[in-house]
Amino acid sequence: DRGGTYAGFGQEICDPKSMFSVFVPGISGIPHREEHKNYASVFLKAAGGEANLVFRNIIRILSEAGKIVEVEEILSDIIGPCNIEIKHDAEKDLFVDVQFSQAGGKRVPIDLTGTGILQLVQIVAYVRLFEPKFLLVDEPDNHLHPSRQAMLAKTFDKLSELYGSTIVVTTHSRHLVAAASSTAKIVWMKDGKVES
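The opening residue of the sequence shown carries number 1 in my numbering; numbering runs sequentially from there.
Treat the hints with care, since some could be wrong.
[Stated by the list, open to error] In silico DSSO-like cross-links for lysine-lysine, where the CA-CA straight-line distance does not exceed 27 angstroms:
1. LYS133 with LYS106
2. LYS37 with LYS92
3. LYS92 with LYS133
4. LYS133 with LYS67
5. LYS133 with LYS154
[What the hints assert, rightly or not] Taking CB as the label site, the calculated pair distances span:
6. PRO109 with GLU64: 18 to 24 angstroms
7. SER196 with GLY80: 38 to 44 angstroms
8. SER76 with VAL187: 28 to 34 angstroms
9. ASP89 with GLU195: 50 to 56 angstroms
10. GLU35 with GLY10: 17 to 23 angstroms
11. TYR163 with LEU44: 30 to 36 angstroms
12. GLU35 with GLU161: 30 to 36 angstroms
13. ASP97 with MET189: 38 to 44 angstroms
14. TYR39 with SER182: 36 to 42 angstroms
15. ASP97 with GLU131: 40 to 46 angstroms
Please keep in mind that the hints were generated in silico from the structure rather than gathered at the bench. Since the model is a prediction, treat every value here as computed from it, not as a measurement. Yeah, the Cβ is synthetic: ideal placement off N, Cα and C, and Gly gets one too.
Using the sequences and the hints, build the whole thing.
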């Protein structure tokens with residue numbers, strides 16, 4: 001029941017017009033091709049934890065809304081200047097094509113970027129489109145080089161600052177923990193219990 005009046009985060013949960021959380025499990029993989037989908041279909045997939053299956057459509061929707069520049073600006077603060085290009089004509093193209101390039105680099109299909117870059121783009125795009133008050137990210141450091149894990153920590157700080165999202169991350173990475181901002185609350189768990 002999303003009715004009633006509650007203080008704080010309860011107000012966000014009770015507002016049926018906003019997505020109050022996004023769950024991002026295993027963000028690194030996306031399919032090689034993706035068909036055009038409408039916003040409702042994209043929203044449902046993302047809300048169900050399958051945002052990676054509609055990632056190109058998320059980028060397309062951001063571009064159509066004039067918000068892709070913000071994604072590029074956030075990423076530029078973290079990885080340097082980059083460009084995201086969408087090639088899609090809804091009247092004749094079945095698939096959505098997204099290309100990515102960094103300053104001085106070659107433009108490549110988004111699924112051929114490195115895992116670290118892809119994860120950063122995915123997280124920033126999801127938060128920019130849905131602006132969730134609460135973002136749950138499960139072990140985003142998997143398969144990432146320690147330097148990319150530090151970038152991930154910077155990304156979380158930037159997104160929290162810009163969009164007011166509370167971000168909860170589960171990790172086994174000491175690199176991600178070490179790179180967390182001084183304002184991050186770190187909870188150590190062992191055997192399902194909080195440790196000091």
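Q: Can you let me know if the beta-carbon spacing of ASP97 and MET189 is within 38 to 44 angstroms?
A: Given about 42 angstroms between the Cβ atoms, the range holds.
Q: Would you mind confirming whether the straight-line C-alpha gap from LYS133 to LYS67 stays at or under 27 angstroms?
A: Distance ~18 angstroms between LYS133 and LYS67 Cα, so the pair holds.
Q) Is the hinted range of 28 to 34 angstroms satisfied by the C-beta distance from SER76 to VAL187? A) For VAL187 against SER76, whose Cβ atoms are near 32 angstroms apart, the range 28 to 34 angstroms holds.
Q.
Holds or violated: LYS92 and LYS133, Cα atoms, limit 27 angstroms.
A. Roughly 37 angstroms separates the two Cα atoms, so the pair is violated.
**Q.** Supplied distance hint 18 to 24 angstroms, evaluated on CB atoms of PRO109 and GLU64
**A.** holds (20 angstroms)
Q) Regarding the pair LYS133 and LYS154, is the alpha-carbon distance no greater than 27 angstroms? A) OK: LYS133 and LYS154 at ~18 angstroms, within 27 angstroms.
Q.
Taking the Cβ atom of TYR39 and the Cβ atom of SER182, is their distance within the range 36 to 42 angstroms?
A. holds (38 angstroms)
(Q) Can you tell me whether the CB distance of SER196 to GLY80 sits inside 38 to 44 angstroms? (A) At 39 angstroms between Cβs, range holds.
Q.
Between the alpha carbons of LYS37 and LYS92, is the straight-line distance 27 angstroms or under?
A. holds (14 angstroms)
Q: Confirm or reject the claim that GLU35 and GLU161 have a C-beta distance inside 30 to 36 angstroms.
A: holds (35 angstroms)
Q. Is it true that the C-beta distance of TYR163 to LEU44 lies inside 30 to 36 angstroms, as the hint says?
A. violated (22 angstroms)
Q) For the pair GLU35 and GLY10, does the Cβ-Cβ distance stay inside 17 to 23 angstroms? A) The hinted range 17 to 23 angstroms is violated for GLU35 and GLY10, with Cβ atoms some 38 angstroms apart.
Hint check: violations occur at hints 1, 3, 10, 11 and 15; the rest are consistent with the structure.
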